[in-house]
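S.K.: In my numbering, the protein residues as written are 679 to 926.
Since the hints were derived computationally from the structure, they do not count as laboratory data. Incorrect hints may have been included.
Unchecked claim - Okay, derived cross-link-like pairs now, DMTMM-like style, lysine to aspartate or glutamate, Cα gap no bigger than 20 angstroms in a straight line:
1) Lys684 with Glu803
2) Lys830 with Asp852
3) Lys915 with Glu705
What the hints assert, rightly or not - Label pairs and their in silico Cβ distance ranges:
4) Ser907 with Ala829: 23 to 33 angstroms
5) Ser695 with Asp814: 21 to 31 angstroms
6) Gln727 with Ala840: 32 to 42 angstroms
7) Leu921 with Asp814: 18 to 28 angstroms
8) Asp852 with Glu743: 44 to 54 angstroms
9) Gln770 with Asp847: 52 to 62 angstroms
10) Pro772 with Asp847: 20 to 30 angstroms
11) Pro802 with Gln727: 18 to 28 angstroms
12) Ala829 with His903: 16 to 26 angstroms
13) Tyr844 with Glu743: 28 to 38 angstroms
14) Arg752 with Asp847: 42 to 52 angstroms
15) Asp847 with Thr739: 55 to 65 angstroms
No residue lacks a Cβ here, since even glycine has one placed at the ideal position from N, Cα and C.
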Amino acid sequence: MNKVPKCYGIIPARYGSTRFPGKPLAEICGRPMFWHVFERARKCPELSQVVLATDDNRIITAANELDVPVVMTRGDHPSGTDRVMEAAGLLQVPEDAVVANIQGDEPVLQPVMLTQLLRPFMAPETQVTTLARRIDPNEAESPDRVKVVFAKDGKALYFSRAPIPYSRDGQGNDYYVHIGLYAFRMRILRQFVALNPSRLETIERLEQLRLLENGIPIHVVVTDHRSISVDRPSDIKTVSKILVDKTA
Numbered sequence: 679m680n681k682v683p684k685c686y687g688i689i690p691a692r693y694g695s696t697r698f699p700g701k702p703l704a705e706i707c708g709r710p711m712f713w714h715v716f717e718r719a720r721k722c723p724e725l726s727q728v729v730l731a732t733d734d735n736r737i738i739t740a741a742n743e744l745d746v747p748v749v750m751t752r753g754d755h756p757s758g759t760d761r762v763m764e765a766a767g768l769l770q771v772p773e774d775a776v777v778a779n780i781q782g783d784e785p786v787l788q789p790v791m792l793t794q795l796l797r798p799f800m801a802p803e804t805q806v807t808t809l810a811r812r813i814d815p816n817e818a819e820s821p822d823r824v825k826v827v828f829a830k831d832g833k834a835l836y837f838s839r840a841p842i843p844y845s846r847d848g849q850g851n852d853y854y855v856h857i858g859l860y861a862f863r864m865r866i867l868r869q870f871v872a873l874n875p876s877r878l879e880t881i882e883r884l885e886q887l888r889l890l891e892n893g894i895p896i897h898v899v900v901t902d903h904r905s906i907s908v909d910r911p912s913d914i915k916t917v918s919k920i921l922v923d924k925t926a
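Using the sequences provided together with the hints, build the complete structure.
M.R.: Structure follows, in structure tokens:
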């Protein structure tokens, strides 16, 4: 029986953010946000190593104080995926290993979601995975909620900010929202960041479309679990309440 290959979890933690500068250091229940993400990620049994990747000495200092493994990366990366690639190179991740890009702004991430993300790599043909969750049709209208449609075998057909698939007859429709966790085989991650931004990626502002436009399949895993991204300072109160309720 095939086994999941060695898996590395990398958490990109950029200090600069237009909507929320210093977001990785935002305090939640007495700890910086990146610590909560790290603690949850390291509970995933499939991950042999979890590392923070940042561009700022303030985050390096805070990580060292909390014994969180961290690497310093360049400050000019156009995306978190590029930062993950640099960190994977610094860690000398083998070409046949798997790298999980774990969003650094999801402090209530459930470890089982990472397990769901990584298990498909037991199949040697799996190259990239991501997650999706079924949502109410009313939620599908928001362009901030990226929708995905996929084939019977789980391969992504398209990602869009538009509500897809379109129901021509106005009958019931199933919508799936994309959850921004990815895992790549190292060689595919290297190939991905070397590709130029694609036409559809530029139109939709969705970098995963670069993979599809270049013929690299993405395996979509449907999950019932959910997480909450911290996009603005006002989101801190929401996730703090969730964490407090879980420890009460």
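S.K.: Which hint numbers doesn't this structure obey?
M.R.: 10, 13
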